[in-house]
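Build the full structure now, drawing on both the sequences and the hints.
2 protein chains.
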Amino acid sequence: MTSSRDPKRPPVFISAPIAALVEGIYRADTTIGDVREKGDHGLGTFNDLDGELLMIDGTVYCLRPEGNAEIIGDDVKTPFAVATHFEGDTEEVFDRPLTAHEFEAQLHDLIPSKNLIYSIRIDGTFSAVRARSVPKQSNYVPLAEVAKVQTIFEFKDVEGSLVGFYTPTFLDSVHVPGFHLHFITADRKQGGHAMGVAPLSVRVRLQHAPSVELGLPLTLDFLTMERTRDIEADLDKVER
Amino acid sequence: MTSSRDPKRPPVFISAPIAALVEGIYRADTTIGDVREKGDHGLGTFNDLDGELLMIDGTVYCLRPEGNAEIIGDDVKTPFAVATHFEGDTEEVFDRPLTAHEFEAQLHDLIPSKNLIYSIRIDGTFSAVRARSVPKQSNYVPLAEVAKVQTIFEFKDVEGSLVGFYTPTFLDSVHVPGFHLHFITADRKQGGHAMGVAPLSVRVRLQHAPSVELGLPLTLDFLTMERTRDIEADLDKVER
Numbered sequence: 120m121t122s123s124r125d126p127k128r129p130p131v132f133i134s135a136p137i138a139a140l141v142e143g144i145y146r147a148d149t150t151i152g153d154v155r156e157k158g159d160h161g162l163g164t165f166n167d168l169d170g171e172l173l174m175i176d177g178t179v180y181c182l183r184p185e186g187n188a189e190i191i192g193d194d195v196k197t198p199f200a201v202a203t204h205f206e207g208d209t210e211e212v213f214d215r216p217l218t219a220h221e222f223e224a225q226l227h228d229l230i231p232s233k234n235l236i237y238s239i240r241i242d243g244t245f246s247a248v249r250a251r252s253v254p255k256q257s258n259y260v261p262l263a264e265v266a267k268v269q270t271i272f273e274f275k276d277v278e279g280s281l282v283g284f285y286t287p288t289f290l291d292s293v294h295v296p297g298f299h300l301h302f303i304t305a306d307r308k309q310g311g312h313a314m315g316v317a318p319l320s321v322r323v324r325l326q327h328a329p330s331v332e333l334g335l336p337l338t339l340d341f342l343t344m345e346r347t348r349d350i351e352a353d354l355d356k357v358e359r
Numbered sequence: 120m121t122s123s124r125d126p127k128r129p130p131v132f133i134s135a136p137i138a139a140l141v142e143g144i145y146r147a148d149t150t151i152g153d154v155r156e157k158g159d160h161g162l163g164t165f166n167d168l169d170g171e172l173l174m175i176d177g178t179v180y181c182l183r184p185e186g187n188a189e190i191i192g193d194d195v196k197t198p199f200a201v202a203t204h205f206e207g208d209t210e211e212v213f214d215r216p217l218t219a220h221e222f223e224a225q226l227h228d229l230i231p232s233k234n235l236i237y238s239i240r241i242d243g244t245f246s247a248v249r250a251r252s253v254p255k256q257s258n259y260v261p262l263a264e265v266a267k268v269q270t271i272f273e274f275k276d277v278e279g280s281l282v283g284f285y286t287p288t289f290l291d292s293v294h295v296p297g298f299h300l301h302f303i304t305a306d307r308k309q310g311g312h313a314m315g316v317a318p319l320s321v322r323v324r325l326q327h328a329p330s331v332e333l334g335l336p337l338t339l340d341f342l343t344m345e346r347t348r349d350i351e352a353d354l355d356k357v358e359r
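Heads up: the protein sequence lines correspond to chains A and B, in order. The working numbering puts the first sequence at residues 120 to 359. The working numbering puts the second sequence at residues 120 to 359.
Check the hints yourself; a few may be wrong.
Unchecked claim - Calculated cross-link-like contacts (lysine-lysine; reagent style PhoX-like; alpha-carbon spacing at most 25 Å): (1) B:K233 to B:K275; (2) B:K275 to A:K127; (3) B:K127 to A:K196; (4) B:K196 to A:K127.
Worth flagging that the hints you see were computed from the coordinates, not collected in a lab.
Quick look at the structure:
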């Protein structure tokens, strides 16, 4: 494991508190262009939950309910996105097959302190990647209920990348606590929100952030939001 | 009320999540110089809780347990500080005497949305300002217990300024939710953490922030912090 500490390293940008998404605020004025100004690595969703967002090497993809990936332009909007400039300050190679459960435990062991936020990239081959996406919402449904209409698909013996973050529990109203990873295949044609990944041979890179830049949207929906949901319970339903 | 919206307005900088202070992390490596780079308006405390911190017009004061104010140099360190560049985008004048209870209700009415973070400055004359400070802690005591050794003092018929912030409840692990204000007299000789203020004639200025910049300290204490406290209950004991 190598480490280089640079006090000038970039923050993790979070366009809006996840609490707003949990309350059903599915639209904001943040554009993909705004998100790309904050980094080249990220995840999130699009207005009306129109697919899962993944940004890798500066390109933003929408991962559709059928599992297809599509490049998205800078003018499309997002109610929730997380981004950073990613280089990786530690690197670990796992070169034997692991179950999804074993791999998750190994990832937890890689986190030096559970009180920092980390950007994570995992590249390699997988025996199985279980992923999901959600269809565009035309009516208001609480986020916890959207889980009922999500599509779940599985990639077998696949090469690809996971992009995401680890967030401390004390920031659970800001971003999903623990690991949050989105997957895209090496040919950039398919992917989704990762629900369990079993690696064959992968390289895991981590980068800790010295700070979080949290946006507070000036949309009427956000400004008038009333808090009615249990964030922790709802995120458990939709993200796990 | 006047309002000017500038998308380039500065973020509110928070040097560390208040959750860490609640857990008894009373030291960090953030210097007053670091805080002054983030703004000219702020509050917080010093390492070992050695007095209350107030920054006004770019000068940082320590408000001591006896209520005395002292200018603090850039090399002193803080485990928790909040700062922004303050100009004020709305202004309201209250020119009749109000009780502390009435004034707090009026301040709540001034907040356009309880989901944004606001910087607040209040200048004028007060019939009474109830304030407190805390003595330097030489041993670890949970923050909720420190309330037992705080000193409380009252200024009567005093001219001065309140400096502080309003924070949404969904950021309660990041900063004290609701109003958090520190007081300093017009001659800059005395002050403390405000616990209740009854104004005679004051000017209230608010400034909303488009984003929060939250620092995550790289100290060993923070990295190894275990969460054992009830943040909401503990902050209620110590800040109210």
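Query - Violations among the numbered hints - result: 1, 2
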